[in-house]
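K.L.:
Work from the hints to combine the two standalone chains into their complex.
Listed below are the residues making up each chain.
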Amino acid sequence: MFIDAGLFIKVFVYIVGGIMPFVYNYYFVKRKAAEVRNTKEANKLVTQSTVESKLPKNTSVEPITLSNTLSLQYIHGQESDTKGALAPLYVLLVIDQNTMNNPETLNKVISNVPKIVGSFENSLARSKAEEI
Amino acid sequence: MRKSIIRKFFGILGPGLISAVSGLEITNIGAFSYVGATYGYKLLWVIVFASSIMALLQQLAVHVSVYTRDGLVTEIKKIIGKEVTSILIALLILANIVTLEINLVGVAFTLQQLASIPWILGLVSISLIILAVSLQKEYRYLERILTIISLVLSVYIAVMFLYIVENPEEVGKIVWNITVPPDAEFKELFTDILAIFGAAAAPYALIFQSSSVIMKDMRFEDVPEEFLDIFTGLIFATFASISIAVVAAAYAPSNASSIYDIILALRALGPYAVILFSIGVFASSILAIEAIILCNAYIVFEYRCSTSSLGDVVTSKLYSIVSFITVVLSALFAFIHVYLRGNSGFVSLVKDSSILISFTSWVPALMIVVLYWKIGEEASSFVKIVSTLIVGGLIAINLAGIIALIDL
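So the protein sequences, as listed, match chains W and H.
Note that the first sequence ends on residue 132 in this note's numbering; no numbers are left out.
Note that the second sequence ends on residue 408 in this note's numbering; no numbers are left out.
I should point out that these hints are in silico values taken from the structure, not numbers from a laboratory.
It is possible that some hints are incorrect.
[To be verified] Straight line, CA to CA, 27 angstroms or less: simulated BS3-like cross-link-like pairs of lysine-lysine:
id : chain 1 : residue 1 : chain 2 : residue 2
1  : H       : K374      : W       : K30
2  : H       : K216      : W       : K30
3  : W       : K115      : W       : K32
4  : W       : K40       : H       : K374
5  : H       : K82       : H       : K384
[Said to hold, decoys possible] FRET-style restraints, in silico, Cβ to Cβ:
id : chain 1 : residue 1 : chain 2 : residue 2 : range
6  : H       : I87       : W       : I9        : 28 to 38 angstroms
7  : W       : V94       : H       : S86       : 42 to 52 angstroms
8  : H       : P168      : W       : I9        : 24 to 34 angstroms
9  : W       : G6        : H       : V124      : 50 to 60 angstroms
10 : H       : L151      : W       : E35       : 32 to 42 angstroms
11 : W       : G6        : H       : D312      : 52 to 62 angstroms
12 : H       : F382      : W       : G6        : 20 to 30 angstroms
13 : H       : P168      : W       : V23       : 24 to 34 angstroms
14 : H       : G393      : W       : L7        : 17 to 27 angstroms
Glycine included, every Cβ here is placed at the ideal spot set by N, Cα and C.
Bound-form chain H, shown alone (with noise of 0.2 angstroms):
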């Protein structure tokens, strides 16, 4: 009995761990590094809203696409029509790229700081790797050894633990500020929260949720599991944030900026600091990248041909073309961005991208939503509602947003 109960623990513990500490791309280190060494544990409840938030919206998916049987581009055509899916879905592509664009750019500026390679030689030459290995089209082997990798970013929760084993009295603090939104100036912190929010986002994920039901054959009876599946990605996936932003606030200092201040976060690790965050860095992120140059092929790919197979997707002369120009544009927009940024740091640069990801982070939700509510007497109406609600409020805060950074 103990030790089935035993095996039960480390089997979801198992899976959990990989899929949130490998899901970490620099956008999130950066984004969530800031967060803490700026604020403390100020904002960490964002990071638990937005992860809630996220979570919803991968249910919703999971369940919409159980119903209909289509990917949500497919879908959304047949509702919206081929003009307005076409607006949504160069707005998802050019979130993709951003996405992409940062992790470019964090990998090349880690390569600087561990070997001096002079960025551009580095974003160059990433930029070639990444482009090889998605040609290839077969890299399974590689994502599993890349993903073993990444694991050395779990770092992060050793460190936080060993912060609260020296300071238990920060335990009640982190809680607290994880249960009760604190007294604060939103105003203030509006585009950070809105950063926050495009780091916790990853809209492609969305796309691969509906991709995934679809190539399982799901049936309406396991999607509870599947929901298990997501709150557990959910815990591993938000404890994982928190213990960066917790470790940064711990660690690194309160204007961190350079990506040499983010690795500070981890100086209890000593001179190994530098290689564990590199590794971890370097696997995490082209992980992510591949996971987007598929995306993109494959939001592209449904929206002409109506499929949603990713195994036609990734044989298909598209996915070649689609990884080629979505390689190159990022390439493009991250020289254009560190250029525009200057000397301003890397912390900059992964603010920017988090609110430019976060403006474009509703087009899934959106879609997401409308399909919901064409679900019928299957739908729950309290979740229709709240979904609503929680849509137009990603619209209203982004729109915000817009507005404030204008004005700026």
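This is chain W alone, in the form it adopts within the complex (with noise of 0.2 angstroms):
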């Protein structure tokens, strides 16, 4: 059985101009803008773990000594053989004064990094998987 050619281009061009086009732009976008609102909602997550304190009054602000680092074991490598090695994830803290002499507050802005850090490894893992 043959196929008659001069059919098979009209319905192709018909096609692959017209329709596909049109479809496959929509799914490209679509997937694009799943990976707009993952990058939002992790920002989101950052905003939303920022914690604020007030200065008591009356208060000198004493010059700041960085006493400790903390480590964070999580596989922000991109490939499976470079997992945190090659490329490691920097957390960069902006805190501000207040906060610095707040122990409190200082311990819970800490001790929320590494859950930011998961919301983002979370959201690379998905649009990675989303990818495949």
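P.N.:
And the structure:
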């Protein structure tokens, strides 16, 4: 059985030129929008985990000394053979003096860091899984 | 569960049907009736093809506008410069004036058919009414009424259903002709295919798509939902257009030339056909005309002031000036067009105008595709290539059309 080449070309142009780009573009933008949504959710979590404290009146501000560093063991490397080693994730904490002078709040902020990093890791893993 | 599905279905059906039917201006009705009456189902696939391309361009217009947060004219001016942009917008304004002109002629001819009012008198009266409405600036209430009235045109869908119920064997033929382009001498049908592209194009729709995105301050996450709306619109608009062609193929005379021949397609409705057709065409054409006037003012305003707010446009002095010039030029074009064509009938007038609109339909398409290439990683490479080929193809077939017409 032979396929009519002329008919095949016409149907091909009709579908690839007319209908397919329209449908493909919908799924392409849908995937991109899901990525944007995930990133925004992660950013929202960072904003929500901000802890504020007020400096008590007549309190002098002392110079800050870094006494300890926190090491995070997470799978932030994208490839399985570079887990956290070749692609370390740096977390920069911007802490104001009010928080710095309040040990309880400072503890809260630092203890939230793994949670924030975890949410990033989850969203990364989710988008990776969607791509696959 | 079942209730919510039914509610969802009617939630989509209602707005989809309203926007599709109210968008059926006389250009579409005339062009699709002519195609159906002359070629039967042979060119149904062109309607689907042209509508899909328009829907893709609408998608790209939304995507580009969400990314740039500016109107198409403002953005394209930054890329290709003021001088070239001015040529493009002049062509776009011309396409709008031609669309308006054929709508004016359509309404005037319909009035002549309905109440024996001479078309010249009808044309002048309609032009004055339209000018008065657009200068009033606030006509949202009237717009709603006209949209509801234009729903009368859904009689085309009803008549098509009646026809396929009586002739169930036609369903297979219709579906086959929509899905598979039939063997035909495309060279002979060339200008008619261009006319379908022109009727489906509506360049002003792309400008409004972009403006609505900016006015709604749409976020990128909302774009897929907007794409679904465009998809629903595509389905309904194509369905309505196909129903016109099918009804014309079934009932209109094969050498349809006058507005009476177009109305004959609805003869299943008996004496109500003329009245229903006239009311529907009158409402939908006035809706289209007001949108076109607003679009012209919007383009000129954006070119001069780089703003994308429709509110600013309507309250500006420029709006009144552009409205006046657009209506006067359209009425003048209408007189010249009818005079030049003599007594060749309304269908040939629609064909001329649709071909002219098709010649300029690539202008907004080109603007959108150029901007789409600029949005970088957010754009799909496949869509970039296909849309470039589409615009290239549109320019090529229109150039070929101009050459063919000059030869004729």
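K.L.:
Hints the structure violates: just list their numbers, smallest first.
P.N.:
none
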